[in-house]
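**Student:** Using the sequences and the hints, build the whole thing.
Quick mapping for you: the protein sequence lines, in order, are chains A and B.
For the record, in the first sequence the residue sitting at position 426 is 426 according to my numbering, with numbers rising by one throughout.
One gets my numbering by counting positions in the second sequence from 1 and adding 1000 to each.
These are calculated hints, taken from the structure and not from any lab test.
We treat Cβ as the ideally placed atom computed from N, Cα and C, and that holds for glycine.
Some clues are possibly wrong.
As the list claims (entries may be wrong) - Looking from chain B toward chain A, a few residues come up when the C-beta cut is under 10 Å (computed):
1. Phe1043
2. Thr1087
3. Ala1142
4. Glu1184
5. His1185
Unchecked claim - Partner residues are not named here, just some residues of chain A that face chain B (Cβ under 10 Å, in silico):
6. Asp85
7. Phe161
8. Pro176
9. Ser206
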Amino acid sequence: MYTPYPENMMESIKKVEATRAERMSTEPRRLTADEKDALLKEFHPDYNPDAFAEIKVGPNKGQKAPLELAEMLHSTSRILNEDIDITKIDYDVDVLVIGGGGAGSSCAIEAHNAGANVMIVTKLRIGDANTMMAEGGIQAADKENDSPVQHYLDCFGGGHFAARPELVKRLVMEAPDAIKWLNELGVMFDKDADGRMVTTHGGGTSRKRMHACKDYSGAEIMRTVRDEVLNLGIPVVEFTSAVELLKDDKGQAAGAVLLNMETGDYSVARAKTVVIATGGAGRMHYQGFPTSNHYGATADGLVLGYRAGVPLLYQDSIQYHPTGVAHPVQIQGALVTEKVRSVGAQLVNAEGEAYIHPLETRDVNASGVIRECEEGRGVEAPSGQKGVWLDTPMIEILGGEGTIEKRIPAMFRMYMKYGIDMRKVPILIYPTLHYQNGGLEIDGEGFTKAIPNLLAAGEVAGGIHGRNRLMGNSLLDVIVFGRNAGKKAAAKAKEVELGSMNLDHVASYAEELKGASADTGEVSPKLLPKYARHER
Amino acid sequence: MENMVNVYFSGKRYSVPADLTIMTAMEYAGYTWKRGCGCRHGFCGACATVYRIKGKNELKTCLACQTQVEEGMYVASIPFFPTDKRTYEIEDIKPTQQIMMELYPEIYSCIGCNACTKACTQDLNVMQYIAYAQRGEFEKCAEESFDCIGCGCCTVRCPAGISHPHVGVLARRLTGKYIAPETEHLKNRVEEINKGEYDGLIEQIMQKPITEMQELYNTREIEK
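**Tutor:** Dropping the structure here:
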């Protein structure tokens, strides 16, 4: 017998196997709206009142934010007491893009193609971003039985009717063109012999509109747009963080102060328009959750923008992906793509029950996993982490032998490194911190609400997904809003005349913190998580 | 007491818990990564690493984030390696054998040692995909190289100086753009949108009150 797990886990698997045949012939019931609401209120981490603090200063004063984010907002700039000569300009460009992920890269390509002199600065390497790690796919309503209006309904409803209509409109109406653009850059989408896209469901979709590139969808997109950035000769300054925005005497954005991550030296970039595309915040580990995010996901853009006066939207709404790895411990928190469920795996508890429909929205499925574990129907891994099963052998039965290696090769490889063959045994999962639903508030054109020549695109922006994002709408968001920001930033740069630059907003923010007695004494943005263990 | 093992980072010994990865073991030892650490989940290739087990001859390559520590592991991170990416205009090139000859002529200097395949952290048949590229069989090259994450371990080991991941990217872009069949339904939908066929409908749904949207959402038909 094949026994890759300890005894208690193998015992539970017997129950999973015993119910498999019966489960395969029935689709678990979908929850009603009321049942979903009740489940969320009782088990979703966003409803944990102890995990949030009141913001004491700035445009969102009086609202709540996760404790760890509030701490960053209540910290001062790392350059407050640095003597930096901002009249000495190291880089002078039309468009400064902060962040080298999917949004930043597609933004830079479009700005360049619109004739702007554009530069990317990025904290790690270009492509070290959550885009690279997106596995399952990208949505677009491009099939005959689908329409952008149907996509709008799924997105708006899945986000609890909180998304900004003008943003959802852009997302869904420009989705097919985003796919076409990527395809024409050479992204290899899964297609059948006639060229039709192979599409599946994601949680909360009413049509099969999930386009994919196996389960390397984000990687395939990222490495293609990165290659294009390099082909176009767009300057990319790597291992360099923007640590503060620069403003001018007219209140416009004027560039950024940059920090060389390796040498610790500061430099100054001046720009007529600035695009914040710094991504997410998983490495803040809200509520102690592990994360599926990349190493640099520390909410930098939120801090930079907020200190310069840009309001946040839904900063208290966080996405926990229902299926993060619960075992083995070496990859705990890593993403197990939703596509595993799209191609047939059910969520099954310790007793072998398919206790929920596997393709409810992420917030609902995550709450379901937490409920099962809290109410004693979870399975305990050797690390002590509890989880429920994702019944992957179903995929091979449904799709035929070889389906797993063909459709989800990354997942297969990730588990095989630890001797777990998901074709034969189910895998244990628990929610992982995955996405910030909110972010810097932008208008329908992609500009931030407070500063006329400052834009935000990608995960750092808020309002596109309301209070819960659907699978496949983030890869879409980074491409649609990245491209849009590039075009808009290039056009805007032509009309901007910069005045004299200053960092007055940094000093006045520090004053405000002091006045509110909210100063933590720390500096922000965080830039990198503190993982190093020091004995003394 | 936890089960501990001895590992050597750049030759210096540290005792670390045996269930850590190389990446988390270095953090346990007190290091803070700047280079050599990206997604931490096996998708970005930032953490290319070489190691040797004390007393064994074989030099191994791996991703630090996906590899558990072992007793006697001598580890060196490869935070950067000078690969050679050539630039081109994707609109101007064509998927002919000629293009590889022009952009990556060094692939024809492959001596068939297979060190690239042995070094691959994704267990890809790297030498095979280079052979496909040599012959202008881009679709096969694209398929074989598809799971490449660009860690560059192949390139580090190549006596012919080939930058394999860049060859794979070129083959995939050629395949995605020129060789894979066109998608009629995508083209049609983009045209419909550009002609304004959805403008009225989208404005309508944007104006609907929340209660009506809730009703529409909760009763929408879901494709089987």
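**Student:** None of the hints should be skipped; say for each whether it holds.
**Tutor:** How the hints compare with the structure:
{"no.": "1", "hint": "Phe1043", "in the structure": "holds (5 Å)"}
{"no.": "2", "hint": "Thr1087", "in the structure": "holds (5 Å)"}
{"no.": "3", "hint": "Ala1142", "in the structure": "holds (6 Å)"}
{"no.": "4", "hint": "Glu1184", "in the structure": "holds (6 Å)"}
{"no.": "5", "hint": "His1185", "in the structure": "holds (6 Å)"}
{"no.": "6", "hint": "Asp85", "in the structure": "violated (25 Å)"}
{"no.": "7", "hint": "Phe161", "in the structure": "holds (5 Å)"}
{"no.": "8", "hint": "Pro176", "in the structure": "holds (4 Å)"}
{"no.": "9", "hint": "Ser206", "in the structure": "holds (5 Å)"}
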